[in-house]
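Asker: Spelled out, the chains give:
Number of protein chains: 2
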Amino acid sequence: MSTSAHQRPVIAIDWGTSSLRGARLGQDGQVLESREFARGILTVPPGQFEAVFDEHFGDWMHAPDALCLISGMAGNRQGWQEAPYCPCPAGFAELGQHLLWLQPGRIALVPGLSCMGQDALHTPDVMRGEEVQIFGALQLAGRDSATLVLPGTHSKWVQVQSGRVTHFQTFMTGEVYALLSQHSILGKTLDLNGAFDEAAFLQGVDQSQKAGSVLNKLFAVRTLGLFDRLPAAALPSYLSGLLIGEELRIQEVHPAQGAVILIGSDALTLRYTLALQHLGIACQSRGAEATWAGLHALASNLTNPP
Amino acid sequence: MSTSAHQRPVIAIDWGTSSLRGARLGQDGQVLESREFARGILTVPPGQFEAVFDEHFGDWMHAPDALCLISGMAGNRQGWQEAPYCPCPAGFAELGQHLLWLQPGRIALVPGLSCMGQDALHTPDVMRGEEVQIFGALQLAGRDSATLVLPGTHSKWVQVQSGRVTHFQTFMTGEVYALLSQHSILGKTLDLNGAFDEAAFLQGVDQSQKAGSVLNKLFAVRTLGLFDRLPAAALPSYLSGLLIGEELRIQEVHPAQGAVILIGSDALTLRYTLALQHLGIACQSRGAEATWAGLHALASNLTNPP
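Keeping their order, the protein sequence lines are chains A and B. So the first sequence is numbered by the working numbering: it starts at 1 and just counts up by one. So the second sequence is numbered by the working numbering: it starts at 307 and just counts up by one.
Since the hints were made in silico from the structure, they are not lab data. C-beta atoms are modelled at their ideal positions from N, C-alpha and C, and glycine is treated no differently. Heads up, a few of these hints could be off.
Chain A stretches covered by chain B per the calculated footprint, using a threshold of three residues with CB under 8 Å from any CB of chain B [as the list claims (entries may be wrong)]:
| # | segment |
| --- | --- |
| 1 | 242 to 248 |
| 2 | 278 to 291 |
Residues from chain B that keep clear of chain A, each with C-beta distances beyond 10 Å, as calculated [claimed, not checked]:
| # | residue |
| --- | --- |
| 3 | Ser325 |
| 4 | Leu338 |
| 5 | Arg345 |
| 6 | Leu485 |
| 7 | Leu530 |
| 8 | Ser571 |
| 9 | Thr579 |
Not everything, but these chain B residues come out facing chain A in the computed CB check (under 7 Å) [as the list claims (entries may be wrong)]:
| # | residue |
| --- | --- |
| 10 | Gln333 |
| 11 | Val337 |
| 12 | Met379 |
| 13 | His473 |
| 14 | Thr479 |
| 15 | Gln488 |
| 16 | His489 |
| 17 | Ser490 |
| 18 | Gly518 |
| 19 | Ser519 |
| 20 | Thr529 |
| 21 | Phe533 |
| 22 | Arg535 |
| 23 | Val559 |
Using the sequences and the hints, build the whole thing.
Answerer: Structure (structure tokens):
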């Protein structure tokens, strides 16, 4: 009779596009030791993933009963091996069934999630890595239902009901912000070295809630600068408010669902917190600890690893 | 007693960011001769505008009563001289009063138009060069009221009533399309060499009219490719439909105002025509001839040049 999974030493790995992070977790999920390397999947040649893994975490795997779960882009087509997306609705049970075992019972890739739209093309949406953060944040918050937001290059809005992700949507907010501020005509008038300007940010949020299209509202970043309505150093904050506000504009968040849970860096969750509070929506934030909590919870829920 | 302006030889110049075009016009506005040079204002060092003008059009100005009107970015801060924007509402009378005479009675810069928003920041909008095309297209269509669209890098939607521009809005549609297709993650899955795909374009237009945000809909360009729902060669057309459709989504065009007038290149006006017709909005197109017609009409309406 095997010991149940949560009593085994758990090695949690978050292998993303640009970085490789790992943690050795204790019985209750506490981080005993962690490591981070600039070895994102983009730096690893095909066929070399196992070697890179052994080099950085091989010593942790010496324990004969170690269990390692790897989330993030390592399960992507360009990663260690493709772990097919697990379709929503999905919770711990579905994720556990869809693990891709690299070494049976010892090392597995956690699949991302997919969810299909109701439109004629059944437009898919996908995530990879965020699913673990979502379940970890819920665990830490002691909740099994919530609206969660994971701001970033490709921001995710996620609905979780009774421990399962039922629906999510990706917004290209962060990438569009970077493109516009660095490569568009708007970049000519705005000063990216300016400190975050809360008032200008909230003016952008306000403007984004009005009738019209963001494709038009964006042009104001140029003219407000040309006509000296806003200083160049405030324009990046105004642009950020316009884009984050556009993302928030279409959300329907019911107070009965409880506070929105934000997961991300301090700088980004601060902006979303300001915008959400400005629009009267309660929220709370979680950081990187959500990843380890999610992988630990997933390992603890694995009753029958192969 | 001076002859009225429209009997004088009219030299029409369109000096834009990347090109310099000129036409010598006959009594009725017909083009007697035209020239085009790769001498947009970005290629002209400060203080050299008059020399470049003389070099390319000096011979046309030998006629002692020649009248030259120059529209476009030459009147910009980085151009020959800054011709301050003429505030809307504006028609021929207002444009004529705001001409910036470089040589009194002989050579003038046509000012762009500005229009102020109703929001807290009174967000301005501006155009420079398009105003001449607008009045030219109306002249050619024999109308004095219309909704006009000038698609491009920064697409303009313009309301004209009784010969005066009453309101307009700029959309960053073309620039956002270029940034996303060339510099974003979407560029990794789409094939920019594909021919225009009308069906995929209209699927994008349909999708853009639905509830939600364009920041989310854009991400579908990636997933539709990853999940093989649309071929890579069709994705640029789908993206174009999403963005042009987003621009159209917020327009209120009343059939009583008559057909929408599109002014632009054949390739772009074709796409807008398809999208507008798909949404049940009648339209007609005008090309580069609108510029010469507009400058001729402006010259003809100058009753009292200085």
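Asker: Broken hints, numbered, in rising order?
Answerer: 2, 6, 7, 10, 11, 12, 13, 15, 23
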